[in-house]
Amino acid sequence: MNWNIIRFELRLSRRGALYCGLSLLAFQCLIVAFYAAARPDKTLTGLFKLVPKGLKALIGGDYLDPITVSGFLSFGFTHPVNLLLLITPLVALASRTASGGTDDGRTDLLLSRPLSRTAFLSSRMAAGAILSVLLVLFMWLGHLLGVLFIALPETPATVPFVYVALNALLFALAVEGIAFLAAALSTLRGTAVGFAIGLLAAMLFVRMAAQFWDLFERPAALSVFTYYVPGKIVFLKSFPLGHMATLFAFFLITSGLALGVFCKKDI
Amino acid sequence: MTESKQAIAVEGLSKSYGSELGVENVSFSVEGGEIFGFLGPNGAGKTTCIRLLLNLLRPDSGRITVLGRTLCPGEWRYKARVGFLPGELSWWPLLTGLELLEFFDRFSTQPASLRAELLDGLGLDAALLDRKVRTYSKGTRRKLGIAIAMQNDPDLLVLDEPTSGLDPLVRHSFFEFCRRFRKAGKTVFLSSHNLAETNEICDRVGIIRAGRIVALERMAALRAKSTRRVEALFAERPRAQWFDCAGVDLIEIDGKRALLTCRGDPVPLLKVLAARPVRDLLVSPPALDDLFHSLFSDRGGRG
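In order, the protein sequence lines correspond to chains A and G. When we follow my numbering, the leftmost residue of the first sequence carries the number 1, and every step to the right adds one. When we follow my numbering, the leftmost residue of the second sequence carries the number 1, and every step to the right adds one.
These are calculated hints, taken from the structure and not from any lab test. Where is the CB? At the ideal position from N, CA and C, for every residue including glycine. Any given hint could be a false lead.
What the hints assert, rightly or not - Covered by chain G, per the in silico footprint, the following chain A stretches (three or more residues, Cβ under 8 Å):
#1 9–18
#2 112–126
#3 258–267
Take the sequences, apply the hints, and build the full model.
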């Protein structure tokens with residue numbers, strides 16, 4: 001691990017991460033404000049009934065509970081906008097690892113310095129992990145500020161949302177691992193971004209398809225979205241250890257594969 | 001220091017990209033304290049060789065030794081003594097020049113002892129270094145790259161087309177730094193397709209074409225092989241048979257003026273001229289272009 005690389009990567013991601021972090025914070029506040037303004041009246045319940053089954057699966061599935069404060073607020077963590085803001089900076093950071101194609105000289109120059117490829121990539125991954133923590137903190141802070149400063153009919157329990165934040169962090173790490181693997185396999189940055197987005201979209205599709213067809217139930221076990229379950233955590237008020245462990249295993253396996261590919265490839 | 005030792009030794013190096021040939025059976029060595037020019041047209045395999053020297057590519061076959069270390073997968077420690085400038089460099093546009101100088105300096109165990117002199121010599125002032133790299137011209141980006149490569153006084157400099165985009169004054173200044181490196185027993189390996197600058201700065205040159213080394217010579221020997229153009233003005237109209245001597249070719253006679261080429265040793269031509277009523281003489285420098293042109297056009301393969 002090289003601290004110089006970690007700092008450098010964070011410096012490069014600073015602006016994009018700040019915009020996404022602040023947007024996550026604002027979005028979570030907005031979700032709280034929306035609940036405070038709409039209240040769980042018939043209109044809101046009716047609106048949720050209109051949401052297609054596949055999409056419901058992504059935002060809480062059987063555990064989707066738009067009536068209670070906690071249930072509605074957990075929806076904010078799985079909303080597509082929230083997911084997009086969380087995933088984008090991580091894919092952008094990881095995609096810098098793509099190399100060996102049209103030469104822009106940057107990876108050449110970095111790897112001409114005295115550090116091993118393993119140290120180089122693991123430092124970049126560490127920067128990604130720090131970025132994940134910061135993004136999740138922004139997200140959680142937005143939720144917290146909303147709950148503190150916007151009048152709600154009842155105060156949601158804190159502990160389940162701490163679990164949700166941990167679940168979101170492990171989900172972000174798993175996404176980071178996938179993005180790094182896609183980048184290690186790619187020669188161009190654009191390809192790496194496309195590959196990572198494609199993989200994540202395929203995982204999302206499989207997760208949605210599993211709600212309709214049994215055929216997709218087994219492949220859905222390979223989707224990171226299956227294990228990102230804020231709705232379930234809030235509904236059951238329990239720590240989903242199995243899901244957390246699976247997301248962490250995703251991170252370890254994809255990161256390990258990315259390291260293996262990157263250390264052997266021609267730059 | 002690498003003086004009197006081989007800084008680089010390459011033996012039977014081959015690398016292909018699928019069906020496309022990168023380099024084939026390349027062998028050469030670079031002595032410590034030498035400025036070595038690696039010449040070739042675009043796509044000849046210069047950058048592939050440089051990437052192999054930096055262990056960024058895995059060779060299909062062959063052996064590379066850099067600063068006494070034989071390269072194998074995972075070898076990176078020798079890079080602490082190497083300064084590198086890539087041929088194409090997009091940089092990081094949102095960072096400042098100073099941030100980049102300091103970032104790359106932090107990798108080195110040597111202090112950036114040459115930085116101040118380099119910045120002064122290359123015309124990179126403090127105000128410029130505080131600006132973001134995206135505002136830099138191509139030449140300024142190149143100068144920053146040179147400063148980064150040289151600032152820690154490395155034992156070996158590997159520079160891929162370093163003078164591309166530099167104005168003549170800065171190029172002169174860069175050459176002075178290269179000569180200082182040589183004087184200190186350090187080695188400079190530079191790739192180029194600029195023949196004039198190689199002639200000006202290099203001690204020895206390797207010429208690569210279509211992935212193969214086609215010539216490996218000292219610059220002086222290469223100059224001796226190359227052709228000089230000689231224009232002589234006589235007191236009377238010269239005759240063609242005057243110039244019938246080794247290495248001399250008559251191009252044309254125009255009134256009292258004769259246009260000649262002289263290859264290799266100039267003494268036979270000087271003897272001819274000394275015996276004739278010469279009024280004026282113009283000798284152009286060795287035309288390396290002609291020699292390279294012949295090397296690049298005589299043999300098959302890609303260019």
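Notebook entry, point to check: With a Cβ-Cβ cutoff of 8 Å, does the region 112–126 of chain A contain at least three residues near chain G?
Noted result: Satisfied; 6 residues make the cut.
* **Within 8 Å of chain G's CB atoms, at least three CB atoms from the region 258–267 of chain A: coverage verdict** => Since 4 is at least three, the answer is holds.
*asked:* Between the region 9–18 of chain A and chain G, are there enough contacts, at least three residues with CB-CB distance under 8 Å, for the coverage claim to hold?
replied: holds (count 3)
Comparing the model with each numbered hint stated earlier shows that all of them hold.
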